[in-house]
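Novice: Sequence:
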Amino acid sequence: MDTNSAHFIAQPQPTTFIVNVIHVHPGKQEEAFRVIQDVVHYVAERKEGFLWSNLAKSTDGPTVVNIEAIKGAGNVDEFFSDRVFVEKFRRLDDVSTSEFHTYTVGDLVLPKLGHSESGRV
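Counting from 9, one number per residue, gives the positions in the sequence shown under the numbering used here.
Treat the hints as calculated values from the structure; they're not laboratory data. Wrong hints could be hidden among the right ones.
[As the list claims (entries may be wrong)] Derived DEER-like restraints, expressed as beta-carbon distance ranges:
1) Thr105 / Gln45: 10 to 20 Å
2) Lys120 / Asp90: 39 to 49 Å
3) His33 / Gly122: 43 to 53 Å
4) Glu95 / Val29: 27 to 37 Å
5) Asp90 / Val29: 21 to 31 Å
6) Gly69 / Gly122: 36 to 46 Å
Small disclaimer: the values here were computed from a predicted structure and weren't measured. Every residue, glycine too, gets a C-beta built ideally from N, C-alpha and C.
With the hints as extra help, turn the sequences into a complete structure.
Specialist: Below you can see the structure in the form of structure tokens.
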């Protein structure tokens, strides 16, 4: 049985995030989603630096987003040095333009659970 799981920690961790906003060509949202899904699954199955990814489609249709946690910024170079990864990633060019940015956690904000507005639990 697969026991992989993700969990959140209450303190900022030295995690690196990749945020890829994919601006899809008209009528190509589903195809763009399938392309980036293929890319992310390829990485998840082969790259040690991969931690997790959230893939989402905007409800108004023009974008798809990949928010991906990796161990460090150096993993980006590792991923792009893989010829198969690059070929898969470039398929996005046929259905979209995209913005690719790398971020490091600076603050983690969590809700104050268990407290009502009056301050009573």
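Novice: Please name the hints from earlier in the document that this structure breaks, with their numbers sorted from lowest to highest.
Specialist: 4
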